[in-house]
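J.: For what it's worth, the numbering used here labels the leading residue of the sequence shown as 1, then goes sequentially.
Source of the hints: derived by calculation from the structure; they are not laboratory data.
Just so you know, nobody snuck in bad clues.
DSS-like mimics (lysine-lysine), calculated; alpha carbons at most 30 Å apart, straight line: (1) K130 x K10; (2) K112 x K130; (3) K90 x K10; (4) K14 x K32; (5) K130 x K14; (6) K14 x K91; (7) K123 x K90; (8) K130 x K119; (9) K67 x K14; (10) K130 x K91; (11) K119 x K90; (12) K67 x K10; (13) K123 x K14; (14) K130 x K67.
The structure presented is a predicted model; accordingly, all values stated were derived computationally and were not measured.
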Amino acid sequence: MDIIHEFEIKTTEKQTFDAITTEEGINGWWSKDCDIPTAEGETMRVRFTDHNVEMGFRIDELVENRKVVWTCVENPNPAFLDTVIQFDIKKSSSGIQFRFNHSNWDEQWDGKINFEQSKESWKHFMNSLKSYLETGTGQPW
Numbered sequence: 001m002d003i004i005h006e007f008e009i010k011t012t013e014k015q016t017f018d019a020i021t022t023e024e025g026i027n028g029w030w031s032k033d034c035d036i037p038t039a040e041g042e043t044m045r046v047r048f049t050d051h052n053v054e055m056g057f058r059i060d061e062l063v064e065n066r067k068v069v070w071t072c073v074e075n076p077n078p079a080f081l082d083t084v085i086q087f088d089i090k091k092s093s094s095g096i097q098f099r100f101n102h103s104n105w106d107e108q109w110d111g112k113i114n115f116e117q118s119k120e121s122w123k124h125f126m127n128s129l130k131s132y133l134e135t136g137t138g139q140p141w
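Required output: the full structure, derived from the provided sequences and hints.
T.: Structure, rendered in structure tokens:
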């Protein structure tokens, strides 16, 4: 069970990498309140204060301008725990080819509200990321 989004973005590899690895970037499309360290093995914190949610993701892999991998280590939604989020960035003729994969979901969550809400949330945030990178304005929570 994976949540996958693939699409083209009219931007650069560096701008995309920065959008998913810096506080300024995350603030622009995902969460207005976060602490984003810059080293593998550290835990980033993402908060949605309007929803009273705080999440922790261990930074597993950072390949500059190419790939980012996180593992969820703290989340009030039990379906999220130990899931893996991977962002892949590839140069294309019109900007970049972007791939998002949220994997390692336990099968028990298939069809359950925890998983379905996550799918809808990521759909919103992937549209927000694309908008942020192409127009400078995203729709973070």
